[in-house]
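By our numbering, the letter at position 57 of the sequence shown is numbered 57, and the numbering carries on one by one without gaps.
By construction, these hints were calculated from the structure, which means they are not laboratory data. Think of the CB as a built atom: it goes at the ideal place given N, C-alpha and C, for glycine as much as any other residue. Take these hints with a grain of salt, some might be off.
Claimed, not checked - Just the calculated beta-carbon pair ranges, DEER-fashion:
#1 Thr47 <-> Thr109: 50 to 56 Å
#2 Ser93 <-> Glu10: 53 to 59 Å
#3 Glu34 <-> Ala113: 37 to 43 Å
#4 Thr5 <-> Lys61: 14 to 20 Å
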Amino acid sequence: MPIATADEFESHRPRMVGLAYRMLGSAEEAEEAEDTVQDAYPRWSGTDRGAIGRPAAWLAKVVTNLCPDRLTSARAQRERYAGPWLPEPVLTSDGTLGPKGMRDGGHLTPERAVGKGTFEEFLARRFPAS
Numbered sequence: 001m002p003i004a005t006a007d008e009f010e011s012h013r014p015r016m017v018g019l020a021y022r023m024l025g026s027a028e029e030a031e032e033a034e035d036t037v038q039d040a041y042p043r044w045s046g047t048d049r050g051a052i053g054r055p056a057a058w059l060a061k062v063v064t065n066l067c068p069d070r071l072t073s074a075r076a077q078r079e080r081y082a083g084p085w086l087p088e089p090v091l092t093s094d095g096t097l098g099p100k101g102m103r104d105g106g107h108l109t110p111e112r113a114v115g116k117g118t119f120e121e122f123l124a125r126r127f128p129a130s
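Let the sequences and hints guide you as you build the complete structure.
What follows is the structure, given as structure tokens:
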């Protein structure tokens, strides 16, 4: 019973990372792809090599099975974020950064934010600053 080796795992790493990267779906997920491949290693190291007919296919299947779990976990982490919501900063008319969509310490609703932006655009075109 030969044991699966780390060297053999490493020889398949580029393919597994590419597969995980494509399945996870965005440029921000490159680190997640690496983590997914790392999660595949304990399964690889604990498996009898004699039971694995085609290591590349076996590893691809393991990574393929791990990716949906990783996506579900990432989605759950984003949904549980309990930190403060910070509005997107924008450059104000006086050249400083200020919060977008804020007025008198409150948040504008999406409809009001669109209306405010449209009105400000109208004023800027109607009365250009000289």
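Do the hints match the structure? See the list:
| no. | hint | result |
| --- | --- | --- |
| 1 | Thr47 <-> Thr109: 50 to 56 Å | 55 Å, holds |
| 2 | Ser93 <-> Glu10: 53 to 59 Å | 56 Å, holds |
| 3 | Glu34 <-> Ala113: 37 to 43 Å | 38 Å, holds |
| 4 | Thr5 <-> Lys61: 14 to 20 Å | 19 Å, holds |
This entry satisfies every hint, going by the numbered hints stated previously.
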